[in-house]
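Participant: What follows is the residue order along each chain.
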Amino acid sequence: MISDLWLQFVLTIDATLRLATPLILCAMAGIFSERSGIIDISLEGKMLLSAFTAATMAAITGSPWLGLASAMIISVVFSLLHGFACISHRGNQVVSGLAINMLASGLTVTVGNALFSLGGQTPLLSNAQRFAPIAFPLAESLRQIPGLGIIYTEVISGHNLLVWAALLSVFITRVVLLRSTFGLRLRAVGETPEAVDTAGISVVGIRYQAVIIAGVLCGMAGAYLSIAHGASFLREMTAGKGYISLAAMIFGNWRPVPVLMACLLFGFLDALAARLGGVDLPWIGQLSTDLIQILPYVLTVVLLAGFIGKTTPPGAIGVPYVKRR
Amino acid sequence: MERTLPPWVDMGLLPLINVLVVFVVTGIFIAIIGENPFSALTVMLKGAFIDKGALGYTLFYATNFIFTGLAVAVAFHAMLFNIGGEGQAMMGGLGLTMTALVLDPILPPFLVVLLAIPMATLMGALWGVIPGWLQAKRGSHVLITTIMFNFIASSIIVWLLAGPLIEPGQMSPQTRSFADGVQLAQLHTIFNTIGFSLPSSPLNVSFTLALGASFGVWLLLWRTRLGYIIRASGHSKRAALYAGYSPTGTIVITMAISGALAGLMALNEVLGVQERLTLNFTAGYGFTGIAVALMGRNHPVGILLASLLFGALYQGGAELDFQFQSITREIVLIVQGFIVLFSGALAHMFRPMLEKVFATAKPSHKDVSHDK
Chain L
1 MISDLWLQFV
11 LTIDATLRLA
21 TPLILCAMAG
31 IFSERSGIID
41 ISLEGKMLLS
51 AFTAATMAAI
61 TGSPWLGLAS
71 AMIISVVFSL
81 LHGFACISHR
91 GNQVVSGLAI
101 NMLASGLTVT
111 VGNALFSLGG
121 QTPLLSNAQR
131 FAPIAFPLAE
141 SLRQIPGLGI
151 IYTEVISGHN
161 LLVWAALLSV
171 FITRVVLLRS
181 TFGLRLRAVG
191 ETPEAVDTAG
201 ISVVGIRYQA
211 VIIAGVLCGM
221 AGAYLSIAHG
231 ASFLREMTAG
241 KGYISLAAMI
251 FGNWRPVPVL
261 MACLLFGFLD
271 ALAARLGGVD
281 LPWIGQLSTD
291 LIQILPYVLT
301 VVLLAGFIGK
311 TTPPGAIGVP
321 YVKRR
Chain R
1 MERTLPPWVD
11 MGLLPLINVL
21 VVFVVTGIFI
31 AIIGENPFSA
41 LTVMLKGAFI
51 DKGALGYTLF
61 YATNFIFTGL
71 AVAVAFHAML
81 FNIGGEGQAM
91 MGGLGLTMTA
101 LVLDPILPPF
111 LVVLLAIPMA
121 TLMGALWGVI
131 PGWLQAKRGS
141 HVLITTIMFN
151 FIASSIIVWL
161 LAGPLIEPGQ
171 MSPQTRSFAD
181 GVQLAQLHTI
191 FNTIGFSLPS
201 SPLNVSFTLA
211 LGASFGVWLL
221 LWRTRLGYII
231 RASGHSKRAA
241 LYAGYSPTGT
251 IVITMAISGA
261 LAGLMALNEV
271 LGVQERLTLN
281 FTAGYGFTGI
291 AVALMGRNHP
301 VGILLASLLF
311 GALYQGGAEL
321 DFQFQSITRE
331 IVLIVQGFIV
341 LFSGALAHMF
351 RPMLEKVFAT
361 AKPSHKDVSH
371 DK
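If you read the sequences in order, they're chains L and R. Numbering follows my numbering, in which position 157 of the first sequence is assigned residue number 157; successive positions increment by one, without gaps. Numbering follows my numbering, in which position 368 of the second sequence is assigned residue number 368; successive positions increment by one, without gaps.
No lab work stands behind these hints, which were simulated from the structure alone. Predicted model only: the values in this text are computed from it and were never measured. For every residue, glycine included, the Cβ atom is placed at its ideal position computed from N, Cα and C. Careful, some of the hints might be misleading.
Taking lysine-lysine and the DSS-like style, the derived pairs with C-alpha atoms no more than 27 angstroms apart in a straight line are [unchecked claim]: (1) R:137 with R:237; (2) L:310 with R:137; (3) L:323 with R:137; (4) L:323 with R:356; (5) L:310 with R:237.
Covered stretches of chain L (in silico footprint by chain R; criterion: 3 or more residues with CB under 8 angstroms from a CB of chain R, positions within the stretch not fixed) [as the list claims (entries may be wrong)]: (6) 25 to 31; (7) 112 to 124; (8) 242 to 251; (9) 292 to 305.
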């Protein structure tokens, strides 16, 4: 009984990591963009577009690596479109993001249907066309160790490459943002662009670099959904994950490690909802999975309203930079 | 000095150029996926206006967009970005449905309808007021809060339709039908009873209500003190303070009106056609409202024209789906995305070119204030 409960717990932690991976990648993308002062509502759309592109290229070429590369490219292209509208033409950043999300919903289904005639889906991928789980050495034999063995077998071993990439991305984001000259400039551009401009550094240049990095990370998140976690593209398969990442980014106050924690929390709620669906719990009865899924949004609203802690967005967020002479 | 465009260029030519660019870009896309863009356009126009009953469907879809477009526009005037039309419409539908389900066994149908309409308005308004209040009092942005409120509303509806409100003995996530007569009359039946023959379509009384709402919004924004304050608060908070502006009150009232308008969209879909609450009856129309408001330049007349365009796109898009192998309904989302991009985010792209041709120089407000 106890060992059964323990197994359930370990499996939930394992699922948490899998479900949090796209959130982590997307939220890091959001951090790069927003810390430079560019609101990015289009995480959702870029993730959807790259999920579609990854699955399509993997199906056509048979290589998951080409799928991943083209997903990153398409995501960067739309990041550049976002940049062209908001940085070069000083358009409204939210409106531009919404446009990209609408385009993503339309383009993925229409192009998918034109290519494969599967009602917007892409063909099912074989294991060779995906990023398969990587089993660590001795995973099966260590399972026998009572209690701790399954942690190694289930939680640490058996993830695909992109799960590790997501965790690495948090570390890289932290180092780049807080320890490098580029990161210092990027944060400065998001707080007081005038100061950076006065120092002779191009505000426009830094912001473009920031949205390109965001594009790369978003592309990985999309590829994870369709060619690592899943085995094909399904219409609207991001299902609001881009917005949850946005919520996680706000929840973690635009700082890499707290954002990682928020993503893990939201991933855990998702994993919990999937496990508790229809299960009778002692004292509580049946919990509705739909109501558990509301929690990330409710928590974010409550946090934003300053009822728990305080959020401080970047100072110049959403404001186009106009050079004064 | 700042250059401004004559009104007919600003309100007419510029949006027209934006729409033309969108059509050209979409045409190129259709050619890329291997269909003929010109025959697609013909099929679309025929399907939206000429086929029997097509115009009724076009106006039916337009009704949704008038409500959600007005909702976005009213908030825009106060510089509030209400992305929550989708959730507000869902809650409007929920309020309407609860009223109908509770009251239709005991009250005559017309009374149920009369009570359901204000409930839809109230619930929509409530879903706008909470984010508004949170911005005014707690400093969280309407923009982010309304996004979250869309998801919260959608989860609530999914939960209610999966259990508490589901039609007993049924598997599909929807409530039972309302009692006979708890509905808004469809226009073709009204016209048939007074002797005119109209082809059947889901176009119903909500359409006239939407026209009334457009006039009401114009009256409110440009002919009342409240409207003046709403617009002034969007231009300059300091100027608005002189006009008797209370920041909290204005934000809350503006969001209430905006939410109520979005909530009214539910009348058209739930009370006009479905006569029961179904999952996802808002179908993204709340988001389309943003495109409509941007294209219509936040003015009721512009919104009516933009709604007609989007109504035609949705109805014509359905026709495209039937007639072409590789074009699906989702092509409409592409057009919508391009419209938001070109007349929203890239609104300033063509402006400098037009200013070179049509500009009339006039001193800007900033220069005047610096003269003192």
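Participant: Decide, hint by hint, whether the structure agrees.
Facilitator: Hints versus structure:
1. R:137 with R:237: holds (16 angstroms)
2. L:310 with R:137: holds (14 angstroms)
3. L:323 with R:137: Not satisfied, since the Cα-Cα distance of roughly 34 angstroms exceeds 27 angstroms.
4. L:323 with R:356: Given pair residue 323 (chain L), residue 356 (chain R) holds - Cα atoms ~22 angstroms apart, limit 27 angstroms.
5. L:310 with R:237: holds (25 angstroms)
6. 25 to 31: violated (count 0)
7. 112 to 124: holds (count 4)
8. 242 to 251: This one holds; 4 residues, not fewer than the three required, reach chain R with a Cβ under 8 angstroms.
9. 292 to 305: holds (count 8)
Checked against the numbered hints given earlier, the structure breaks hints 3, 6 and satisfies all the rest.
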